[in-house]
Amino acid sequence: MPEALLTLTDVARTFDVSPAWLDRVLERKPRALLKAVDGVTLSIAKGETLGLVGESGCGKSTVARLIVGLYAPTRGTIAFDGTVLAGAGAAAAGGPAQRVARRGMQMIFQDPYASLNPRWRVADIVAEPIRAQNPETPRAEQTERVAALLAQVGLAAVDGVKYPHQFSGGQRQRISIARALSTQPRFLVCDEPTSALDVSVQAQVLNLMRDLQRRMGLTYLFISHNLAVVHHIADRVGVMYLGRIVELAPTRRLFTLPQHPYTRMLLAAVPDLAMTGASRTAVAGEVPNPLDPPSGCAFHPRCPFANERCRRERPELRPAPVAGEVACHAVEEGRIDAVELHAAKAGAATGDVGPNRGQETRADRL
Amino acid sequence: MSAASTEPLLEVDDLRVEFPLRHGTLRAVNGISFAIAPGEVLGVVGESGAGKSLTGAAVIGLIDPPGRIAGGEIRLAGRRIDNLAYEAMRKIRGREIGAVFQDPLTSLNPLYTIGRQLTETIRTHLPLSAAEALARAIGLLEEVGIPAAARRIDHYPHQFSGGMRQRVVIALALAAKPRLIIADEPTTALDVSIQAQIIQLLKRLCRDHGTAVMLVTHDMGVIAETADRVAVMYAGRIVEIGPVDEVIHRPAHPYTVGLMGSIPSIVDERARLAQIDGTMPRLDAVPDGCAFHPRCPRAIDRCRHDLPVLASVGATQAACWRPIVTERERIDA
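Chain order of the listed sequences is A and B.
Residue numbers for the first sequence follow the working numbering, beginning at 4 and rising by one.
Residue numbers for the second sequence follow the working numbering, beginning at 20 and rising by one.
Just chain B, same shape as in the assembly (with noise of 0.2 Å):
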């Protein structure tokens, strides 16, 4: 491997995004920072509202004006993309950056085949004649998984299942063998035998191409068998980061803590959830200090006052004044 490999693939750099509003501004994405190295699987989760899709959606370039990228940076292998030119971020949508959104039917054109819709991305990224384009499509299709594919391709978005859709969504992401895949909640409209499905294909197709994906969801369990590291989003920024195992296990923010003991499981018996009361801020109305305060059993009077960044606690890091570091503190949390 050359010294290349050990460079992060995407770097992303204290990154805010804003929206204008009438009253002052909403500030959705507030100072995050994290990289992405060649064939990671990095996990955001949080709830409705952290900014984990935002995040996703800065990094190819498709905010909805009039939310703006407003502060920080996001790098491709060390080349700035955060403030490239609508044509040219076009080019690298697509070709360095794929992207898997939750609902198939809305990512794929209902009034052209799924062949053309292939075809077409392949051939405005990578230089090949129509026939070899076509032949490349019907091989991404057999490699997603599509029974009898080269007929198939002659057929519309709405002749397959959705799970099948899905799939050649994810056929339509690799398609110029992108470096990089954004999946926001790939599998949250599927089936849950459906949904297994899909896990495997994009865990084993982005092994075999050594594509690194960045996999926005709120399903704890998904990102469990999928990530190598997560990210735990709260209202706008991150409050943890580390190796999967260790977040889920050893998690040490309070609200990693809260949320890993409120997901109802198939294998333990508990008789309550744990519960962490209350909701998180709206956006224009976050507290001071760190965002979690108010519903947090440690907060301190420092936590509504300064706000914690990111540090080392155990293997993973946490912003937090008074994180848990010791498995008894885990049990009484």
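Pulled out of the complex, with its shape left as it was, chain A reads as follows (with noise of 0.2 Å):
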């Protein structure tokens, strides 16, 4: 196992969002507390990309935010690069180790018209974690980064005197990349940042981002609802249901062989152009209320194999019967077939039947 870059260890994260301490007293209303991200535990390695699937409301975004320090966490640590971020041992907040750390992450949001200041120049936009970081910069430096940053988004250097509502969507995305990797960060956040594109320019960025991560090195956290794009970009994937990772495995065989009942639902329900013509069952049901989540397994209302014991007891994350982890009781049980396979869909679109179980072994070493 390559070295981890950055782990997060049974993270929590719970927003209070009770009624105001009058209407609390006055009409006892009970206080609500919202579970966003409920023990999360993960590591990313260097050079990796992890992507992070899950309804609206599943926590993925919260993750995001705690990872950068956007949100403080409720419980648990956070550590990236041998520095404790959050939780106990901690670094201290604002302290150099925390400042040299945070320097090695930055951010992509989705929404490239909220996150660029429609008041500046690219230029200074871009310049601005230089300028922060170190304000001590020469003008003729700060020029010349900002140069090459645009220059490797594929923009060019004359581009730094516009504002960005001269510039399309996905021209938007890439400033956002630029001035995401101004500082040299080795790691990425990336929260949804092709959900806002037209596929064309979704291509366009997705193929960019893969191109700077060969070239750099870079390591990303890449969420997205779309599990296709997680497929394409991602080296391993972690499902998230209700703040809770349900399945965390090799890309390959998460979409193979995915093991959570819930992994199954969601990749029978993806539209895919191999499917023209076919029908399938859906799945019925909905996410739940996350304020009041069902006892035991999260996922037991909805899900065909649930028993009394997923009722009561919340799985936790176990090495699955294939590569990867799972947090399911039937499989562990064996009361799923691990193997069953995705047939209806890897068959239509390659011809084969299954997968190819010798290169599901390599993935498995990944």
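Each hint should be verified, as a subset may be incorrect.
Examples of chain A residues toward chain B, derived with CB under 8 Å [stated by the list, open to error]:
| no. | residue |
| --- | --- |
| 1 | Gly173 |
| 2 | Ser203 |
| 3 | Val204 |
| 4 | Asn210 |
| 5 | Leu230 |
| 6 | Val232 |
| 7 | His235 |
| 8 | Asp238 |
| 9 | Phe258 |
| 10 | Leu270 |
| 11 | Asp275 |
| 12 | Leu276 |
| 13 | Leu294 |
| 14 | Pro296 |
| 15 | Pro304 |
Source of the hints: derived by calculation from the structure; they are not laboratory data.
A virtual CB, placed ideally from N, CA and C, is assigned to each residue, including glycine.
Hints are included, so try docking the two chains, each in its own frame, into the full complex.
Encoded structure:
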């Protein structure tokens, strides 16, 4: 296992969404706590892309914000490159160790229309992190670095004098990437970076991110609700449901041999080009209210394999029968066939019936 | 079946939608023609600004001024509807053509119960008593899969989840038994598992009722599963139209080829996605000739001057001077 760059241990974040104090007293309304992230443990190796998928409200964006320090965790520790950023034994906030570590990570946001200041010229937007971190940087060097950064993301140096509104959505996301790269980070947290873009532009941005990763040895946490995008870009994928990771596995394994019933359901629900004219059974039910999550396994009300134990006892993330980890009693007890293939789709597209087992073991070792 | 069923339900002929600006006019939809047969699902895809939503809005007569239909004809079951007066069109809207939009929260009135909105629509278009309308409303809610419909009918839109709200909107669209539904990005605001439920629901209802659908979306996956035929739009024009399987797997227009190649999939593994460099031109600066020529790897001199029109290429129709005909060319492109 290569060295971990980022490690999250049992990280949780609870939001207090209680009614106002007076309402609680007068109308005897109870306190309400929303467990947005509830015990997430994961690590990301250097140079790796970890994808995080899930439906709205599953806590994936909260994980991103916890990592970059926009939220403080309620419980658990976050360590980056040997420095504990939050939780027990954390380096002093604002202290030198924190500052050095924080410089190593940057974030790319979903909406390139909201994340760029409309009154600033592009060159100033890209240079801002450089100035913030090292105000002594000479003007000429700043200009030079901004030009190099813009060239890196496929824009011209002369674009620096323009304002964000003069660019299309895809070009704006390139500006966001240039800004994120300006402090020479090693780790980028990307929260739905292509969700606001058209597909042909999304392809441009995904290709660019991949090229930059290869050239600069970057590590990505890539968060998306789009399984196809994550399948394309990630080395490993974590699936979240109601604040917890239910399955974490190498990408190829996750998409060919999904273990957790929720993962199987998600994959079956994705409309795909290979599915012309095909019909399939949609899964019933919706994500439950996170303020009042079900007991035991949060997925049990929608799960066709749930039994008494699932209603009572919360499953922990354990090594899966095939590579990766899964949090499911039914898989652990062997109540679900581990190799029930996602065959309809895999077969329809590639013509072969099952995944290549030889390649599967190679993925196991990743 | 009578002879009427072979006639198209909707015919759009050389439709133009324009927006007058201070300097000149903006042609958002520029001479498009297509037809939808009864019970058929026509997918309309394209990137933002391609004119797909405006085409749908033109059909139901909901183009916001100063935008206007500047030319062409729209016929529903042989009757021209693009030049009707506001009141006449209002009777057709809802009765003959239903609509489902992207955001279910803004398509419903937050101040009325869904029961009131449903019965109002039903009684506007069908000669039913209040009690009959209520019974039909409950029946519709049951049909779109809302549990405990008789109780839920007294709830307000905010008391429903996003997926359930979209089911209510579909019930509203079907309330007066229309023959055509315009669905504009009906699943875009929904999570993937809910999206699958809504697609299945739309497909089942339209099959059961024989309703035709014009499905406008940017999501090719949704089109692949739902549509019978698909029209691909680029810069206000249809560049390719044909059976869904042909357009997706054997496209003839270089833009369609690039578009299909740029969509990541959960089954095949590619190191890189196909990439169409550049972006769609702004509508006030659409190039001469074929609008796609500056981005097209196959462009020849003629593409810069002459506007290609739709012509049969294999099983689809493409507007291209150098369409991709053989499998070899498709791989190279």
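Using Cβ atoms only, decide whether valine 232 (chain A) comes closer than 8 Å to chain B, and label the hint accordingly.
The hint holds - valine 232 (chain A) has a Cβ within 8 Å of chain B, the shortest such distance being about 5 Å.
Closer than 8 Å between Cβ atoms is the bar; does leucine 230 (chain A) clear it against chain B? Give me holds or violated.
Holds, about 5 Å.
Next item in the hint list is glycine 173 (chain A). Is there a CB on chain B closer than 8 Å to its CB?
For glycine 173 (chain A), the interface hint holds, since the closest Cβ of chain B sits about 6 Å away, which is under 8 Å.
Holds or violated: the hint that leucine 294 (chain A) contacts chain B, with Cβ atoms closer than 8 Å.
violated, 14 Å
Going by Cβ atoms only, is leucine 270 (chain A) closer than 8 Å to chain B?
With a minimum Cβ separation of about 7 Å from chain B (threshold 8 Å), the hint on leucine 270 (chain A) holds.
Would you settle whether the hint for valine 204 (chain A) is holds or violated, based on the nearest Cβ-Cβ distance to chain B being less than 8 Å?
holds, 7 Å
Let's test the interface hint: is any C-beta of chain B closer than 8 Å to that of leucine 276 (chain A)?
At 5 Å from the nearest chain B Cβ, leucine 276 (chain A) passes the 8 Å test, so the hint holds.
Asparagine 210 (chain A) was flagged as interface toward chain B. Is the shortest Cβ-Cβ separation under 8 Å?
holds, 6 Å
For the hint on proline 304 (chain A), does the least C-beta distance to chain B fall short of 8 Å?
At about 13 Å, which exceeds the 8 Å cut-off, the nearest Cβ of chain B leaves the hint on proline 304 (chain A) violated.
When the least beta-carbon distance from aspartate 275 (chain A) to chain B is tested against 8 Å, hint result
holds, 5 Å
Interface hint status, serine 203 (chain A) versus chain B (Cβ within 8 Å):
With Cβ-Cβ at 5 Å, under 8 Å, it holds.
Go through the hint on proline 296 (chain A) and say holds or violated, using the shortest Cβ distance to chain B against 8 Å.
violated, 16 Å
In this structure, the hints that do not hold are numbers 8, 13, 14 and 15, in rising order.
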